[in-house]
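So you can see what is in the structure, the chains are spelled out below.
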Amino acid sequence: MMKIVDSGYKIDLHIHSISSSLKDKAKVSFNTLQNINVLADRLNENGVQICAITDHDTFDYDMYKELKKYEKDATSSMEKVFPGVEFSVEFDGDNGKNVLHVIAIFNDEDETKVKSIQTFLINEKGTVAYDRGMSFSEEKFLSILRNIDIDTVLIAHQKSSLTSSRAYQHDAKTVGDIKFNEFVYTDYFEAFEFRNKKNEVFNKSFLNFTNQTEAIRFITGSDCHDWRYYPKTKESDNDEFIYTYVKCLPTFRGLVMAITDHRRIKTVNSFFSSSETYIKQIDMKIDGQPYSIPLSRGLNVVIGDNSVGKSLLLHRMTGYCKKQEKLLKASVIDGYTKYLKENKIEIETEILNTDIFAFDMQGEVREKFEKKKIKSVDFLRTYYPDPISVESYKEKVKRKLEKIFTYLENKFEIEIAEAKLGKFIIYDEESTGAESLTFVGNKSKDNKKVSGYKGIVEDIDTIIEKIEDLMDDKWIEETDVKSLEYIIEQLDGISMKYNKKRKEVEFENDKIALFQAVMLDFKQQYQASVSDTQKKFSLYNENINKATENITELIRKRNENLKPDFYIDTQKIDFLTNRVYNYDFNSRVSITEISEEYIKRLFEAVFNKNVKCVLDMTQSELAEAISYYGGLDYEALEVLKTKIYEQMEKDFANKFTITEAGTDRTKELSSGFNSKIYFDLLSYESNHEGIYIIDQPEDNISQKSIREYLLDRFKVMGENRQVIIVTHNPQFIVNLDVDNVIYIGKDDGRVTVQSGALEYKNDRYNILDIISNHIEGGLDTLKRRWKRYEKNNSI
Amino acid sequence: MKRIIRFNEVDDTYICKENDENIFCISKSELKFDVKKFYDAFYGNDKDFSEIVLENCIQSDKSANRIFNCIEKLVNGINEKLSELEQEDVDE
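Here the protein sequences come in this chain order: A and B.
All residue numbers for the first sequence refer to this note's numbering, where the first residue is 50 and numbers rise by one.
All residue numbers for the second sequence refer to this note's numbering, where the first residue is 66 and numbers rise by one.
Looking at chain B on its own, in the form it has when it is part of the complex (with noise of 0.2 Å):
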């Protein structure tokens, strides 16, 4: 099934909406990325990950470009190479 997941950003947060709900967010002032919580907005138990659609709704924030760029190459990066491990599998 097909998730939105909008990149915004609220006062001192740069924060993921899925549903107008707050799933993951970015404090501006330590720019720090909680893995862990991603994880578990992204990828938590019971959460359909097959097709994740990403929205910037920050255009012209250099900063936000940036923080929106990791979450883009992660979920990318962890789609790709879980597509890989079905066709390890298959290969096997």
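Chain A extracted, bound-state conformation (with noise of 0.2 Å):
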């Protein structure tokens, strides 16, 4: 029989034979005794692990036998089958008498008892014991139960949901609020029994709403009058059926278990996480006899008397990791070497440091907190999404203040230029006689040209990098490799293009150059020999001349210098988030969108207010727009550049905040980082894989805040992962609802291991017994849960 829960169990606790016919009449005609191989084809086809055939107020033996006899069948889904009879009890409602049908799943081990369960159902004449017309008074129904002397579950029919204005006929709602307030608050039943898919959400928000997610539990059946149409309740039945599954051990004691906690119940089978990260059990020797412990995927408790061996297990278990945090002392692993030396103990698992989320020894978390071990801002940054890539936004916005720059560096240089215009003396004699020559075409060298064809080739060299680099990319496809040798190809012929431009350009001004020298040498040598008049006539000439180059040069410096616009298209920066529990652990940038705008505001925010538009000022003017700065109007620009850069990286610069609710906590979590949040974190954490080990919970926290919020916590991580927790604390096993418990004690000197889920006994011990033997107090939560059904138990 197996010990521990691995996966919840799909179950119907309500479905109809042909014994149902004094109610149903010929709707449950096709159920019969030899029909019994269809039901249980189609429970097998649906993968129903649990199931009863309940029939209106009486129970058909030979029909539950026939049925339970797949339970031993290797090819049926079958693991265990239920007797059950679905009563009609007349209650006193809030208006009067009201008849709802509640079924009663009731212990399958007593098999006498078991057998004669439909004598208590019938009177003397061998017809049903009804004594209100067609249903059971209350206390006759109270009586049936008592005389059946089983341990029972009751789950009460409500075809409806909890927020329907209406109810259907033998609905529990049908008594009306206030007797169905006493339901659920002396817990009269263990569950609400609906069917429908969409009822499921009704039913949630009620219970959200009305705060009763703890008191009322709800399962589904199919309530199948044809089981030819199994799910459905017969062949015209269109509502669509949702089944239960159902966290336990396919036996009684599970059910009762798994239908008394609201966290044990789920319409989907989603009770433990998915991950291969965990270990599957324990395997050691004790003086030579091998032991295998098997370990849910969800929560373990390693319970026990004091120095017996648990938290030993955790540390070897672990190879000793926390010796090198310089947090288990050599000396104490010499103490677990010598004592399992002594007792014969040869523990054989070994969980890999890479398959631990976390390990907390004793009394680490109080420590880390206390005496400030832990740094909130290293603990809490494995929990931020990666920063945000922000290069392709910077890029666009780099181009555009460039453009702008340079814009502003050539306008700046024509100013300059025209301010050297200068001025010259008109030559006011007879121009007769003075002939002279005169010395034009001062042609310049065009290094302009040279830059240009440079800056081309050298931004094609820098894409085909890229290029080359993309094509190493492991993620890319070799097609598109292809299509990239292609593009790097042309790129090659356009840069050999604009280099051969480059060289004749410069090739042009090595013979610019030549001809100036030969021509000023040429001019020194004439001025020397010509007489002052043809000097000063040839001096005017060239001052037309040069007056004549020099504005055409701005003019065309002027025309190729075109004024940029701010524009750029809005592109949104989103934020990265990773949302553990109640935190937003944001990975963002100060800015949310690159745009016109921001632009603009980059200039806004270097310059005083009320300047005009930067494209508009002279140098001058700009050294005065800027904020603070008293430097030389020629220096102004590059100070600009600076600080807008400055900025703009500022701005793009990755920021990790944490959010609540949409309010930053970044500063206060992290210095009011407590050991609330650090369980709130490592509880909810999904993204990171791993065994989260824990050595004695109860001595970190208090036990207000053990019951207020640390359970819950914990009920949540055994969700999303392996817990292994060694405790002494009652609160930790059955309030936690574990879903196992391994116990080591002694016996004679030698150490036992015992272990199994909460609802786990086999002949010859039993883990409630263990629990209720070795753990002092606390388990009145348990025992209110159990003592309505298990009429002999110890505990």
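I should point out that these hints are in silico values taken from the structure, not numbers from a laboratory.
Quantities reported herein were computed from a predicted structural model and do not represent experimental measurements.
For each residue, glycine too, the CB sits at the ideal point set by N, CA and C.
Keep in mind that the hints are not guaranteed to be accurate.
Cut-off 16 Å, straight-line C-alpha distance, at most; resulting in silico cross-link-like pairs (EDC-like, lysine to aspartate or glutamate) [what the hints assert, rightly or not]: (1) LYS93/B with ASP477/A; (2) LYS101/B with GLU462/A; (3) LYS497/A with GLU458/A; (4) LYS102/B with GLU464/A; (5) LYS101/B with GLU598/A; (6) LYS334/A with GLU399/A; (7) LYS101/B with GLU464/A; (8) LYS82/B with ASP105/B; (9) LYS101/B with GLU467/A; (10) LYS452/A with GLU602/A; (11) LYS59/A with GLU94/A; (12) LYS93/B with ASP77/B; (13) LYS531/A with GLU517/A; (14) LYS725/A with ASP748/A; (15) LYS101/B with GLU602/A; (16) LYS138/B with GLU591/A; (17) LYS606/A with ASP77/B; (18) LYS621/A with GLU444/A; (19) LYS606/A with GLU149/B; (20) LYS445/A with GLU646/A; (21) LYS390/A with ASP105/B; (22) LYS146/B with ASP665/A; (23) LYS97/B with GLU94/A; (24) LYS445/A with GLU645/A; (25) LYS102/B with GLU768/A.
To give an idea of the chain B side of the interface with chain A (calculated C-beta under 7 Å), a few residues [said to hold, decoys possible]: (26) LYS93; (27) PHE98; (28) ASP99; (29) LYS101; (30) VAL140; (31) LYS146.
Two chains, two separate frames, one set of hints: put the complex together.
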């Protein structure tokens, strides 16, 4: 028999057979003993694992036994068939009498008692022992249950949702709100049954709204009246049925444990993480005898007397990894080794360091916070998403800024050249007789062209390098690599073309330089040999030519220096968020988008208020416009560039923030970091796989805090990962409703190990008895859950 | 757009007028040609210089003629050079 639960079980505890014909007449006529194979097939097709035939006020033992045979059929999905009855019970409701349908599921362990269930349902005439028309009074119903004397689970039929304005006939809600609340607060029923998938949402919303999540459990039942159409109630049924999964061992005890805790009931089988990072069992030898202790994927607790080796087990399995953090002393390890040797224990299971999500040894969490051994910044860092990749956004903004700065640079150059245009004296004598040579055609070198072509070549080479990097990327497809190779070929061609042009201009420049040198030399020789009048006239003509050339050059430069705008395509920069519990760990930058407004804001941030557009400024206006700038005019543009690029770097710097319900809590959480937040984060973290191991969490936190939030956090953690807890605290066993208990004890000086789910028992031991005997107090909750069912239980 | 600029004199100054507005002047006593001022007046930002027509309204004054000739030389020279540049751009 299995000891631990490793999955949810699909259940259907509401199926009718022909024995319901007293009430259902022909609707159930197909559901005979001879046709039970049809039901079994349909149950198997639907993967139902736990089921019960629950006829109206009747128990057909033969039918039950026939279906129960499939429990042992290896090809069938069925693990457990329970005996059950759907009782019609008359209750005193708020406005009179109401007949409710109550499904009773019985413990199947005592075969003799099960066999005699029907005898308590009929009278001496052999008919159903109704005392209220076609139903039982509440007293009669309870008396029948007492007489049957088998542990029972009661489920109230509730066809409509709890939020429905009109209750269906025989629904629990027909008794009125006062009586219904009495059912809820006295735990009269273990669960309420619904059928229609859409009602799940309404029911959950009702629980949430009325804050009754802990008080009311829902399960589904097919209420099938014709097995051929299972899980439909009948052929014409069009409602969408949704199955319920319960987390328990497939035993009556398991069912009771599951049906009394809403966390053990789900409509999807998602009780445990699907991660494969967990250990299936602990293998060990005691005195040469091998033990294999199965572990649940969820919550496992290790209990036992003091100094019996519970902590040792954790440290040994984790390869004494805490030694590396200097938290586990060598002398303690020596003590453990000696203990293992003396008691002839070999622990064979070893948990890899990489499979451990976190391991908090005894008292470590308390120390972390009291002695501030844990740095919030370091701890919280692991929860943040990766930094946002901002390079492409930055590049776009940079390109725009470069255009603006280049424009300003050229504009100011033109301004300076304009100022240097100068003056000359107009030649005021008769030109006749003053003939002279005029040195015109002062061709200058075109260095701009050289740098322009050079820039193109360099840019293309950079692009080629980036494409080559991209081609090495392991994710890129072969066909795309070919396309990129073609692009590189094309770009190479363009690069060579502009390189050639650059060389041609450089060659031209060399010729100009040579020509200018020759001309200068000739001019000097000429001027030394002519009259003053000729010199003056020659100079005058040169001045006019120079002015012509300068003005033409200025006009050309002005025409080429096109005024840019601030426009860039608006692009949003989204946050990256990792949500853990109520906290959003965000990776973000200061700005939320790049846009024309952003570019303008960059300039506005540097300037004084109410200045003209930077594109219209002169160099001196720019120097005046920059806030707190008292430097030289010609240095103003460089200062502007520096300030704007600095601001841009700040805007694009990745920031990590924590928000809770939209409020920035980064500083608060970093400084007020405490064990509550620590456990919140550990519990709800689902991005990082691995096992969580903690030795005696009760040492770290008050009883009140354990009750108020920690158990809840551990329950969540058990759904996200495997958890192994060593504890002496009953709250961490029973109230936490753990999936597996490992008891390490000593019997005649020999170490013994017993384990299983809370509901597990075998011929030698019973986990609940072990807990009762070895853990003081704290079983009250379980007793409350248990007392109505286990009539002869010792706890 | 055609711009007509008239060369004239007022007292001791030679002036260039465009739409009755003095845009450029040279002192008769100094005869100094300020290239920057000429550039601003004739080719300054936002000014259309595609067709500048110069009219000399002082025919008899030799000094005035020399100045007018200087301005004309500059305007024509600039015009020619700009045409050359345009041609170079087309050729490229």
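Consistency of the hints with the structure:
1. Taking the CA atoms of LYS93/B and ASP477/A, the gap is about 11 Å. The hint holds against a cut of 16 Å.
2. Between the alpha carbons of LYS101/B and GLU462/A the distance comes to roughly 15 Å, so the proposed pair stays at or under 16 Å and holds.
3. Between the alpha carbons of LYS497/A and GLU458/A the distance comes to roughly 14 Å, so the proposed pair stays at or under 16 Å and holds.
4. Only pairs whose Cα atoms come within 16 Å are accepted, and LYS102/B paired with GLU464/A is accepted, the gap being roughly 13 Å.
5. Taking the CA atoms of LYS101/B and GLU598/A, the gap is near 13 Å; set against the 16 Å cutoff, the hint holds.
6. Pair hint LYS334/A plus GLU399/A holds up; C-alpha atoms about 14 Å apart against a cutoff of 16 Å.
7. Simply put, LYS101/B and GLU464/A have alpha-carbon atoms about 11 Å apart, close enough for the 16 Å limit, and the pair holds.
8. For the proposed pair LYS82/B and ASP105/B, the alpha carbon gap of about 14 Å is at most 16 Å, so the pair holds.
9. Distance hint between LYS101/B and GLU467/A is fulfilled; the C-alpha atoms sit about 6 Å from each other, no more than 16 Å.
10. For the suggested pair LYS452/A and GLU602/A, the alpha carbons sit about 21 Å apart, so the restraint of at most 16 Å is broken.
11. Only pairs whose Cα atoms come within 16 Å are accepted, and LYS59/A paired with GLU94/A is accepted, the gap being roughly 12 Å.
12. Of the supplied pair hints, the one linking LYS93/B and ASP77/B holds, its CA atoms being roughly 5 Å apart against a limit of 16 Å.
13. As the CA atoms of LYS531/A and GLU517/A are separated by approximately 11 Å, the hinted pair is consistent with the 16 Å bound.
14. Restraint check for LYS725/A and ASP748/A: satisfied, since their Cα atoms lie roughly 14 Å apart, inside the 16 Å limit.
15. Proximity of LYS101/B to GLU602/A is assessed by CA-CA distance (about 13 Å); at most 16 Å being required, the pair is judged to hold.
16. Of the supplied pair hints, the one linking LYS138/B and GLU591/A holds, its CA atoms being roughly 12 Å apart against a limit of 16 Å.
17. Proximity of LYS606/A to ASP77/B is assessed by CA-CA distance (about 36 Å); at most 16 Å being required, the pair is judged violated.
18. Pair hint LYS621/A plus GLU444/A holds up; C-alpha atoms about 15 Å apart against a cutoff of 16 Å.
19. Pair hint LYS606/A plus GLU149/B holds up; C-alpha atoms about 15 Å apart against a cutoff of 16 Å.
20. Among the hinted pairs, LYS445/A with GLU646/A is consistent with the structure: their alpha-carbon atoms are about 14 Å apart, no more than 16 Å.
21. Our distance criterion of 16 Å between C-alpha atoms is broken by LYS390/A and ASP105/B, whose separation comes to about 103 Å.
22. About 28 Å separates the Cα atoms of LYS146/B and ASP665/A, which puts this hinted pair outside 16 Å; it is violated.
23. For the suggested pair LYS97/B and GLU94/A, the alpha carbons sit about 109 Å apart, so the restraint of at most 16 Å is broken.
24. A C-alpha spacing of about 11 Å is found between LYS445/A and GLU645/A, which places the hinted pair at or below 16 Å, so the restraint holds.
25. With a CA separation close to 84 Å, the supplied pair LYS102/B and GLU768/A exceeds the 16 Å bound.
26. Look at LYS93/B: its Cβ only gets to about 11 Å from chain A, farther than 7 Å, so that hint breaks.
27. About 5 Å separates the beta-carbon of PHE98/B from the nearest beta-carbon of chain A, less than 7 Å, and the hint is met.
28. Look at ASP99/B: its Cβ gets to within about 5 Å of chain A, closer than 7 Å, so that hint holds up.
29. With its C-beta approaching chain A no nearer than about 4 Å, LYS101/B sits inside the 7 Å limit, and its interface hint holds.
30. Among the interface hints, the one on VAL140/B is violated; its C-beta lies about 9 Å from the nearest C-beta in chain A, farther than the 7 Å criterion.
31. Annotation: interface hint on LYS146/B holds; nearest CB of chain A at approximately 4 Å, less than 7 Å.
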